[in-house]
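Residue numbers (this note's numbering), protein chains in the order written: chain A, 1 to 115; chain B, 1 to 111.
Among the clues, some could well be false.
Below, computed lysine-lysine pairings styled on DSBU-like, alpha-carbon distance capped at 35 Å [to be verified]:
hint	chain 1	residue 1	chain 2	residue 2
1	A	Lys102	B	Lys3
2	A	Lys1	B	Lys3
3	A	Lys71	A	Lys57
4	A	Lys71	B	Lys13
5	B	Lys57	B	Lys13
6	B	Lys70	A	Lys102
7	B	Lys18	A	Lys57
8	A	Lys57	B	Lys57
9	B	Lys3	A	Lys17
10	A	Lys1	A	Lys57
11	A	Lys102	B	Lys13
12	B	Lys13	A	Lys57
13	A	Lys71	B	Lys70
14	B	Lys18	A	Lys71
15	B	Lys71	A	Lys57
16	B	Lys57	A	Lys71
17	B	Lys57	A	Lys102
18	A	Lys102	B	Lys55
19	B	Lys55	A	Lys71
20	B	Lys71	A	Lys102
21	B	Lys70	B	Lys3
22	A	Lys102	B	Lys53
23	B	Lys3	A	Lys57
24	B	Lys3	B	Lys18
25	A	Lys71	B	Lys3
Which chain B residues face chain A? A few, computed with CB under 7 Å, are given here [claimed, not checked]:
hint	residue
26	Gly42
27	Gly98
28	Phe102
29	Ser104
Because the hints were derived from the structure by calculation, they are not lab data. Given the structure is predicted, the values throughout are model-derived calculations rather than measurements. All residues carry an ideal CB built from backbone N, CA and C; glycine is no exception.
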Amino acid sequence: KNQVEQSPQSLIILEGKNCTLQCNYTVSPFSNLRWYKQDTGRGPVSLTIMTFSENTKSNGRYTATLDADTKQSSLHITASQLSDSASYICVVSQNYGGATNKLIFGTGTLLAVQP
Amino acid sequence: DVKVTQSSRYLVKRTGEKVFLECVQDMDHENMFWYRQDPGLGLRLIYFSYDVKMKEKGDIPEGYSVSREKKERFSLILESASTNQTSMYLCASRLPGGWYTFGSGTRLTVV
Numbered sequence: 001k002n003q004v005e006q007s008p009q010s011l012i013i014l015e016g017k018n019c020t021l022q023c024n025y026t027v028s029p030f031s032n033l034r035w036y037k038q039d040t041g042r043g044p045v046s047l048t049i050m051t052f053s054e055n056t057k058s059n060g061r062y063t064a065t066l067d068a069d070t071k072q073s074s075l076h077i078t079a080s081q082l083s084d085s086a087s088y089i090c091v092v093s094q095n096y097g098g099a100t101n102k103l104i105f106g107t108g109t110l111l112a113v114q115p
Numbered sequence: 001d002v003k004v005t006q007s008s009r010y011l012v013k014r015t016g017e018k019v020f021l022e023c024v025q026d027m028d029h030e031n032m033f034w035y036r037q038d039p040g041l042g043l044r045l046i047y048f049s050y051d052v053k054m055k056e057k058g059d060i061p062e063g064y065s066v067s068r069e070k071k072e073r074f075s076l077i078l079e080s081a082s083t084n085q086t087s088m089y090l091c092a093s094r095l096p097g098g099w100y101t102f103g104s105g106t107r108l109t110v111v
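Take these sequences, add in the hints, and give me the full structure.
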């Protein structure tokens, strides 16, 4: 069964600290993996997208890693800020070719950054 | 920047009402999607459209229909709203094979 599992479900950290969110997937055939940030009451906004051959990709204080062999990804947030409080969703694209890729969504990790 | 606009942020409707959720994108994207998001379930695909006049069922199409008369507009229709359709509805668009851009969502409550 094609699934995307994220851990932890929720996380509370102090402002300025680092954290790492995990994503394990069983989606096949694999096309790419994306991390989205979703603020409360808003739509998801893309942070990074990684293909099979990419191991690490950074976007400011966000760094995503991908291990295609173990089918695991992580999102590391450095020097957290209050504005990082959001739900972070891992999404894996299932490759049927071109326009017919299907997205499989994780249920997200809810991050709360406290002052 | 691509903009995906959903006409309402919050809606409250009565059971049995016909409900229209509108989505407009401004970047000439061929593909458009409707998802619903519920706690603990993640985003689930309701319907999608690869081009004007085209529509395909997603994973949970029951109780919904869609309309794509113009390229920029994709409407989700609840023919007879029920309480189990209370949810956050998200529209998305993209170029074929490209990144998905999501709208801000419509939180629908059916009472």
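- Task: Identify every previously stated hint that the structure contradicts and give their numbers, smallest first.
- Result: 4, 7, 12, 13, 14, 27
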